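Sequence order for the protein chains is A and B. So the first sequence is numbered by this note's numbering: it starts at 5 and just counts up by one. So the second sequence is numbered by this note's numbering: it starts at 2 and just counts up by one.
The hints are simulated quantities; they were obtained by calculation from the structure and are not laboratory data. Source: prediction; values computed, not measured. Yeah, the Cβ is synthetic: ideal placement off N, Cα and C, and Gly gets one too. Among these hints, one or two may not hold up.
Claimed, not checked - Each pair of labels, with its calculated beta carbon distance range:
id, chain 1, residue 1, chain 2, residue 2, range
1, B, V41, A, T212, 27 to 35 Å
2, A, D309, B, F9, 20 to 28 Å
3, B, F9, A, K246, 46 to 54 Å
4, B, L81, A, T195, 23 to 31 Å
5, A, T173, B, Q26, 33 to 41 Å
6, A, S121, B, G89, 49 to 57 Å
7, A, A74, B, F9, 49 to 57 Å
8, A, N248, B, L81, 18 to 26 Å
9, A, V303, B, L209, 53 to 61 Å
10, A, G75, B, L84, 54 to 62 Å
11, A, A74, B, S6, 26 to 34 Å
12, B, A13, A, T271, 23 to 31 Å
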Amino acid sequence: MARTRRGLTAAAGVLGLAALVLTGCSGNNGNPLSDDSGSKSSSDTITVGSAAFPEDAILAYIYADALSDAGVKTSVKANIGQRDRYIAALKDNEIQLVPEYTGNLLQFLDSSATATSSDDVYSALQTAVKSGGSGKLDAGKAEVLQQSPGQDADSYNVTKKFSDENHVTSLSDLKNVKGTLKVGANPEFATRPYGIPGLKKSYGVTATLTPISDSGGPNTLKALLDNSVQLADIYTTTPSIKQNNLVTLSDPQHLIGAQNIVPLISTKAASSKVTDTLNKVSAKITTDVLIDLNTKSSVDKQSSDAIAKAWVKANGF
Amino acid sequence: MNSYSQAFDWLADPAHWSGADGIPQRLIEHLGYTGLTLLVAIVIALPVGLYIGHTGRGREIVVPFTGALRALPTLGLVILLALGLGIGILPPLIALVILALPPIIAGAYSGLESVDREVVDAARSVGFTGAGVLWRVEVPLAMPLIVGGIRSACLQVIATWTVAAFLPLGGLGRFLYDALPDQDYAKLLAGSILVIVLALLADGLFALIQRLVTPRGVRAGRTADIRTKTQSPTRKDPSWLAPEEA
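Isolated chain A, as found in the complex:
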C-alpha cells in the first residue's frame, strides 16, 4: 500500500511538473519584459531598448546618454533579446527607441525585400516601418531617423592561409575551390537570403552550414582557425577579424544587405529635440567607431554603460 501511494505521488508529481513546464512556455501571453514594479514607463520618459549583444547595448546607452544631456528623461532596458522580442516591446510601448540595423530590420519587416545597397535599403526600410511590416509594428506609429555611416553587416571570412592557398579574396572566387565548403554561422544562416541559399544563387557556390549559435563569436572563430569550417560569418565590427588577420571576402553581387545603424523610434517620442540629437549622434557613428566601441567591450571588458558614457563625453553631447 505504501508503495502504491508513493508511486501515485511520484506520478502526480511528474505530471504536475510537465504541466508546469508546458504552461511555462505558453508563448504570446507571457511578457518577459515585465519587471517587478510592473509599471510602464511614464509618457515623458524615453525607454531605450537593445538587442542582446554588447554593440547594440552600447548604442542604446549612447542614445540614452546623449538624450539626457539634451534634457530628455531616459531609461535603458538593455539586452532584451532578439529582434522579435524588442520589436514586440516597441509595439507594446515598453520601449520607445532602439538602435537598429537597416538591412536586418528591413528583412524582418518585409521578408520579400530585395534591396541591398545602403540607400536602397534605407528608403525601403522607411516605407516598411511606416506600413508596420505586416503587423509587426503598428502602421504609422514608428519611424526610422537618419542612418549612420557605420555598418555592422554579416561578412564571410576566411583565414589568411586559406585565402593564399586558394586565391580567394572575393565570394566569386569560391566556385573555383575544390571540395565541400563548410560555413560556420548561426543556425538561421541555413535559410536566410544572405546565407547558404544566397551563396548558391548569387555565386553558384554549394556550401553546407555548420551551425554554431554564438553569432560569429569565439567558438565560430575557433572552428575557422582549426579548419573545422572554411568560412565563418563574422560581423564586420568584430575585433577578432583584425586580431586574427582574417580575410573578409568582398561581395561584388551585393549578396549581403547593407546594415547601417539607425534609430528606430516611436513616432510620438520623436520630438524635434530628440530627432536632432539622435541625428547628430548617428552622423558620428562610423564602422571604425563601432570597432573601437566593440574592442573596449570584448577585449578591454568595459561595461556597455561606461563605454557609452565615455564616448558621449568625448564627442561633446
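Chain A is already provided as a structure; the job is to place chain B on it using the hints.
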C-alpha cells in the same frame, strides 16, 4: 492554446518524421548522446560511490566536491570547453558527464550506507570477505538506490543535452536552437514536448528497472517488520542468547 495545436500539427506533419533533420534521426542522436554520457558517468562514478559507501572513507572530500560540480552551468562549460577542444562532441560530453556524476555517486554511497549494519556484521560473521560483503550483500540491497541515482542522472542528461546544439551537433536540442532565431514557436514547442516525452519515458523505464533490481525481501516493503522480528528475541528472550551470556 493556439501554440499547442500548432506544435502538435508540427509533430503530426509526416515531413518532420524523415531525413537527416527528422524527428527519428534526432531522437536516435539524443538517445545515443544520453547513453554514451551515462555509460562514461557510471564507469567513473560507480566505483567512487561504492568505495565511499563500503569503506566510509573519502566522503568529506567527494561529497562537497561533487556538490560543487552541480553548480557549474552546463552551457557555459560547453562553450568554454569548445574554445579549447573545438566544435566536436567532446565538450558537451564532458560537461554532461560532470552533470551526471553527482547523482550517481550519491546514489551509490547512500545506497550502501542504507544497508543495515547488522546485516553487514552478520554477513561478516558467517565468513564473507570484504569483497563478498560488498558484492553479495551491500550492492544487492543497495540496488534500488544505485539505480535511483542513475535514474536521476538520466533525467538531467536527457533534458540538458539540448544545450549541446549550441554547437553543430544533433539531438533534440537542434529543434530548439534552429527554431529560436526563426521565431518558429511551433517547432520550438514541439521540440520541447519531444524532450519532455523522452525524459518521462526514460524515467518510467528506470522506475521499472528499479523495481526489478529490488531484492524480494526488500520489495515486500516489510524490512522493518523482518528486522523487528529477528531482533526482538535477542533483546527480550534471554534463552536465545548463548548460555554464558544469559
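Quick rundown of the hints versus the structure:
| no. | hint | verdict |
| --- | --- | --- |
| 1 | B:V41 - A:T212: 27 to 35 Å | 29 Å, holds |
| 2 | A:D309 - B:F9: 20 to 28 Å | 44 Å, violated |
| 3 | B:F9 - A:K246: 46 to 54 Å | 49 Å, holds |
| 4 | B:L81 - A:T195: 23 to 31 Å | 29 Å, holds |
| 5 | A:T173 - B:Q26: 33 to 41 Å | 38 Å, holds |
| 6 | A:S121 - B:G89: 49 to 57 Å | 40 Å, violated |
| 7 | A:A74 - B:F9: 49 to 57 Å | 52 Å, holds |
| 8 | A:N248 - B:L81: 18 to 26 Å | 19 Å, holds |
| 9 | A:V303 - B:L209: 53 to 61 Å | 54 Å, holds |
| 10 | A:G75 - B:L84: 54 to 62 Å | 45 Å, violated |
| 11 | A:A74 - B:S6: 26 to 34 Å | 49 Å, violated |
| 12 | B:A13 - A:T271: 23 to 31 Å | 43 Å, violated |
In summary, the numbered hints that this structure violates are 2, 6, 10, 11, 12.
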